[in-house]
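Student: Going line by line, the protein sequences match chains V and E.
In terms of this note's numbering, the first sequence opens at residue 1 and continues consecutively.
In terms of this note's numbering, the second sequence opens at residue 1 and continues consecutively.
Please note that the accuracy of each hint is not assured.
Using 30 Å as the maximum straight-line C-alpha spacing, the simulated DSS-like pairs for lysine-lysine come out as follows [as the list claims (entries may be wrong)]:
{"#": "1", "chain 1": "V", "residue 1": "67", "chain 2": "E", "residue 2": "36"}
{"#": "2", "chain 1": "V", "residue 1": "205", "chain 2": "E", "residue 2": "61"}
{"#": "3", "chain 1": "V", "residue 1": "117", "chain 2": "V", "residue 2": "144"}
{"#": "4", "chain 1": "V", "residue 1": "223", "chain 2": "V", "residue 2": "128"}
{"#": "5", "chain 1": "E", "residue 1": "59", "chain 2": "V", "residue 2": "182"}
{"#": "6", "chain 1": "V", "residue 1": "122", "chain 2": "V", "residue 2": "147"}
{"#": "7", "chain 1": "E", "residue 1": "59", "chain 2": "V", "residue 2": "169"}
{"#": "8", "chain 1": "V", "residue 1": "128", "chain 2": "V", "residue 2": "59"}
{"#": "9", "chain 1": "E", "residue 1": "36", "chain 2": "V", "residue 2": "19"}
{"#": "10", "chain 1": "V", "residue 1": "94", "chain 2": "V", "residue 2": "154"}
{"#": "11", "chain 1": "V", "residue 1": "333", "chain 2": "V", "residue 2": "205"}
{"#": "12", "chain 1": "V", "residue 1": "67", "chain 2": "E", "residue 2": "59"}
{"#": "13", "chain 1": "V", "residue 1": "19", "chain 2": "E", "residue 2": "59"}
{"#": "14", "chain 1": "V", "residue 1": "59", "chain 2": "V", "residue 2": "122"}
{"#": "15", "chain 1": "V", "residue 1": "67", "chain 2": "E", "residue 2": "61"}
These are calculated hints, taken from the structure and not from any lab test.
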Amino acid sequence: MIQPHGGRLVERILKGEQKKKILDRAAALPSVKLDAESVSDVENIATGVFSPLEGFMGKEDFRHVLKQMRLASDLPWTIPIVLDVGKEEADQLKVGGLVLLRNEKDEPAAVLHLEEKYAYDKEEMAEKVFQTTDAAHPGVAKVKNMKDVLLAGKIDLIQESPTPFTRYKLSPRETRVLFKEKGWRTVVGFQTRNTPHIGHEYVQKTALTFVDGVFINPVIGRKKKGDFKDEVILASYEELIKNYYLKERAVMAILQMEMRYAGPREAIFHAVIRKNFGCTHIIIGRDHAGVGTYYHPYAAQDIFEEFPDLGIIPLFFRSFYYCKKCLSVVNEKICPHPPSEQIQFSGTKIRDMLVKGEYPPSELVRPEVARIIMEFKNPFND
Amino acid sequence: MGKEFTTVSIPTSLYKKIEEVIKGTEISSVSSYVTKILRESLSKDQGKQEVFSKEDEEKVKERLKALGYID
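Modelling step: build the complete structure from the supplied sequences, incorporating the hints.
Tutor: Below, the structure is given as structure tokens:
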């Protein structure tokens, strides 16, 4: 089994007596209310998804991540995992003490062992992570709205917040046992935030030809307007797997986390996460984790050159399309026919057809998948 | 943040050899080349194998069975 990032799978979940002790003290502790995205970050730290992180980043790691795309320990890490609070709120919190972290329903979610409070430059953070300071970029917009002080320190999870998708939620410990039980020595991870079209299936099955299993891992959480709703993504993949995959070769579980749309940096982050889940390979397609035209279509592939020590093998896929002459999904390296024979997998085109209540052609989307999507009254985020 | 870079010594002859090797490539300096090679080499020896206790593994298997992931 592949090593977790940094060599050890983190687990910071309070149980039994420890949990009771903290809950007994909870009412007397200073507290901070988290938004849904920070709750996901806390849970991902606690369950080892973000191994080797044990808490929110301190200034040294934060600076290293921005400037060198590595933790202070030199381990590859490209996205800052931080907790922001207002200055007045920060002033009330004592370094060295415990802070109760509450979820959106005001329930105790975790405790933070506050080690550090520090100011940061939002403009710099946006520029380094997203390569732009344009507020129209959803990641930049979020950074600009962040509060002024970052809190750092290890966390201990008190309880996971309920999600309608618990049935699909597996921790890295669980996926590692699952892969072992299935006898998979090599596993390719597939990151997605979309319902599947035939092109996605082609990519997954091409990769699967060379490894033992495919781990389909949709990102569930905050996405931009117009993206498919989480329940639609899951239902459509369920249908695809049921009809077109071997049960012993494909599994799906969710990754509860917001999309940052940080393009190349996020591709590395996604690879690290899949490594922690036990994947030996990860599929990186065109414009992975991109948005608009902020990143070169293959920047998310080129960046892997800078990380010879990542420990997970990226499988790069370039453009692919359906060729009317070849009668199959092909790519520019294997199809000799002119563009007039190509049908592109345009997400916008497929979306427009679905909005109008039209079934996309079966060369683009499996009819079973299209039917499932169309059963939803509004399959897109408002 | 502490000092970001430090100096190590390598034989001059090796330095010159690397300069030749990276000429015309995307690698901008001998330092970048050495850093890349060292990171590659060190990553082959990352940590110890994760070991689950038999009891933990059985608990996980029960959940995976209940969710239909394994039979």
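Student: Decide, hint by hint, whether the structure agrees.
Tutor: Hints versus structure:
Only pairs whose Cα atoms come within 30 Å are accepted, and residue 67 (chain V) paired with residue 36 (chain E) is accepted, the gap being roughly 17 Å. Between residue 205 (chain V) and residue 61 (chain E) the CA atoms are separated by roughly 27 Å; this keeps the pair inside 30 Å, and the hint holds. For the proposed pair residue 117 (chain V) and residue 144 (chain V), the alpha carbon gap of about 19 Å is at most 30 Å, so the pair holds. Distance check on the hinted pair: residue 223 (chain V) and residue 128 (chain V) sit about 21 Å apart at the alpha-carbon level, within 30 Å; holds.
The hinted pair formed by residue 59 (chain E) and residue 182 (chain V) meets the criterion: a straight-line CA distance of about 17 Å does not exceed 30 Å. Between the alpha carbons of residue 122 (chain V) and residue 147 (chain V) the distance comes to roughly 9 Å, so the proposed pair stays at or under 30 Å and holds. Between residue 59 (chain E) and residue 169 (chain V) the alpha-carbon distance is near 16 Å, which keeps this suggested pair within the 30 Å criterion. Simply put, residue 128 (chain V) and residue 59 (chain V) have alpha-carbon atoms about 15 Å apart, close enough for the 30 Å limit, and the pair holds.
Simply put, residue 36 (chain E) and residue 19 (chain V) have alpha-carbon atoms about 44 Å apart, too far for the 30 Å limit, and the pair is violated. Simply put, residue 94 (chain V) and residue 154 (chain V) have alpha-carbon atoms about 15 Å apart, close enough for the 30 Å limit, and the pair holds. Proximity of residue 333 (chain V) to residue 205 (chain V) is assessed by CA-CA distance (about 17 Å); at most 30 Å being required, the pair is judged to hold. In summary, the hint linking residue 67 (chain V) to residue 59 (chain E) is not supported, as the alpha carbons are separated by about 42 Å, beyond the 30 Å threshold.
Between residue 19 (chain V) and residue 59 (chain E) the CA atoms are separated by roughly 20 Å; this keeps the pair inside 30 Å, and the hint holds. A C-alpha spacing of about 14 Å is found between residue 59 (chain V) and residue 122 (chain V), which places the hinted pair at or below 30 Å, so the restraint holds. The straight-line distance between the Cα atoms of residue 67 (chain V) and residue 61 (chain E) is roughly 42 Å, outside the 30 Å bound, and the hint therefore fails.
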